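Asker: Sequence:
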Amino acid sequence: MRDFLSAQSFYMKKDLMFKSISYLFIIAGILLPIWMGNKVGFHFSNWLQPFTLVVPLSLFFYFIIPIYVSFFATEGFEYGSIKNIIASGCSRSKYISGKYISIVKAIIGWIFLFFCLFYFVYVIGVLITGSSSLSNNQNLYRDMVTTFVGFGLNILYLAAYAAIILLLSILFKRTASTVVATFVFVFGDFLISGYFKDSLSTFFLWLSNHSLTTQIMKFSGIYVSNSKHIVLENLSSYVPVIIIPIVLILMSLSLTYAIFRQRDVQA
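Residue 1359 is where the sequence shown starts when you use our numbering, and the numbers rise one by one after that.
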């Protein structure tokens, strides 16, 4: 497993698409705080507050990272390397586990890259303009919760997306088909969240309320329903937001392992 993980890390580092997405997050992490600071001014009341400005931007992760996951998950089928890997003694379960762990590591790296770069650029802007007010550390606890929720739930939800896309890659095998299926899933979930949130149908309303996009928008602090801003305020409101991705991860990975054990490794 360790050798396979090392090989996957090496592949990612050499992969042009992986590098391009990393550069995209670097550019966004630099330009977005500058743009926001110039538009509304650089200011904060405690050292964690800049992170709270990043959390509402979380949604764009879910239109970029899943596409890379679909390419990475199918490269073994696309280039035929999976046959050699399995023949070399790597079990199918280790192959799936190695792929998934590698994806999650990349997700964590990208999130920390973007969040931390945004933070440092914004803090530099505050220090240059001298517009901070830190004497009372106002709202420190609230901003600490928002920060940790933003980090943790983004990782959890992107891991859920990755698990679902890994399942799609085993079903379709080909990169093109998996990318199309990923587009349908990502944008379909987005449309379900928005289109059905005011539906009169109990089923469609339930579907919208439990979609991944709805949960992401809730913990990002940008969800509005019936002209009301919906935020996570207590433990009961956090429960479905945490349970839904965990259930999807367990279901998707279980199906992936079960199907891959029975399927031919030929693309």
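These are computed hints drawn from the structure, not numbers from a lab.
Check before you lean on any hint, since a few could be wrong.
In silico DSBU-like links for lysine-lysine, alpha-carbon gap of 35 Å or less [claimed, not checked]:
| id | residue 1 | residue 2 |
| --- | --- | --- |
| 1 | K1397 | K1452 |
| 2 | K1531 | K1377 |
| 3 | K1452 | K1371 |
| 4 | K1531 | K1586 |
Computed Cβ-Cβ distance ranges for the label pairs, DEER-style [as the list claims (entries may be wrong)]:
| id | residue 1 | residue 2 | range |
| --- | --- | --- | --- |
| 5 | G1399 | D1556 | 49 to 57 Å |
| 6 | I1482 | K1377 | 34 to 42 Å |
| 7 | Y1381 | R1360 | 41 to 49 Å |
| 8 | V1503 | L1417 | 15 to 23 Å |
| 9 | A1534 | S1451 | 40 to 48 Å |
| 10 | Y1369 | F1478 | 24 to 32 Å |
| 11 | I1601 | F1562 | 16 to 24 Å |
| 12 | V1398 | A1616 | 46 to 54 Å |
| 13 | V1503 | I1444 | 42 to 50 Å |
| 14 | K1371 | Y1499 | 33 to 41 Å |
| 15 | K1463 | Y1381 | 29 to 37 Å |
| 16 | I1385 | Y1437 | 46 to 54 Å |
| 17 | R1532 | K1586 | 42 to 50 Å |
| 18 | I1601 | K1377 | 30 to 38 Å |
Here the structure is a predicted model, which is why all the values come from computation and not from measurement.
By construction, the Cβ of each residue, glycine as well, lies at the ideal position given by its N, Cα and C atoms.
Asker: It remains to establish, for every hint, whether it holds in the given structure.
Answerer: For each hint, the structure was consulted:
For the given pair, K1397 sits about 49 Å from K1452 by alpha-carbon distance, which is inconsistent with the 35 Å threshold. Of the supplied pair hints, the one linking K1531 and K1377 holds, its CA atoms being roughly 24 Å apart against a limit of 35 Å. For the given pair, K1452 sits about 21 Å from K1371 by alpha-carbon distance, which is consistent with the 35 Å threshold. The suggested pairing of K1531 with K1586 is violated, with an alpha-carbon distance near 43 Å, which exceeds 35 Å.
The beta-carbon spacing between G1399 and D1556, approximately 35 Å, falls outside the hinted interval of 49 to 57 Å. Taken as a hint, the range 34 to 42 Å is violated for the pair I1482 and K1377, whose Cβ atoms sit roughly 25 Å apart. At about 29 Å, the beta-carbon gap between Y1381 and R1360 misses the expected band of 41 to 49 Å. A beta carbon spacing of about 20 Å between V1503 and L1417 agrees with the range 15 to 23 Å that was offered as a hint.
Roughly 27 Å separates the CB atoms of A1534 and S1451, a value that falls outside the hinted 40 to 48 Å. Distance hint check for Y1369 and F1478: the Cβ-Cβ separation is about 29 Å, which falls inside the suggested range of 24 to 32 Å. Our hint of 16 to 24 Å for I1601 and F1562 holds, since their Cβ atoms are close to 21 Å apart. Distance hint check for V1398 and A1616: the Cβ-Cβ separation is about 51 Å, which falls inside the suggested range of 46 to 54 Å.
Roughly 45 Å separates the CB atoms of V1503 and I1444, a value that falls within the hinted 42 to 50 Å. Separation of K1371 from Y1499 is about 39 Å and conforms to the stated range, judged on CB atoms against 33 to 41 Å. For the pair K1463 and Y1381, the supplied restraint of 29 to 37 Å is violated, since their beta-carbon distance comes to about 18 Å. With their beta carbons about 29 Å apart, I1385 and Y1437 fall outside the hinted range of 46 to 54 Å.
Taking 42 to 50 Å as the suggested C-beta distance range, the pair R1532 and K1586 conforms, at roughly 44 Å. Distance hint check for I1601 and K1377: the Cβ-Cβ separation is about 35 Å, which falls inside the suggested range of 30 to 38 Å.
In summary, the structure is inconsistent with hints 1, 4, 5, 6, 7, 9, 15 and 16 from the numbered list given earlier, while agreeing with the others.
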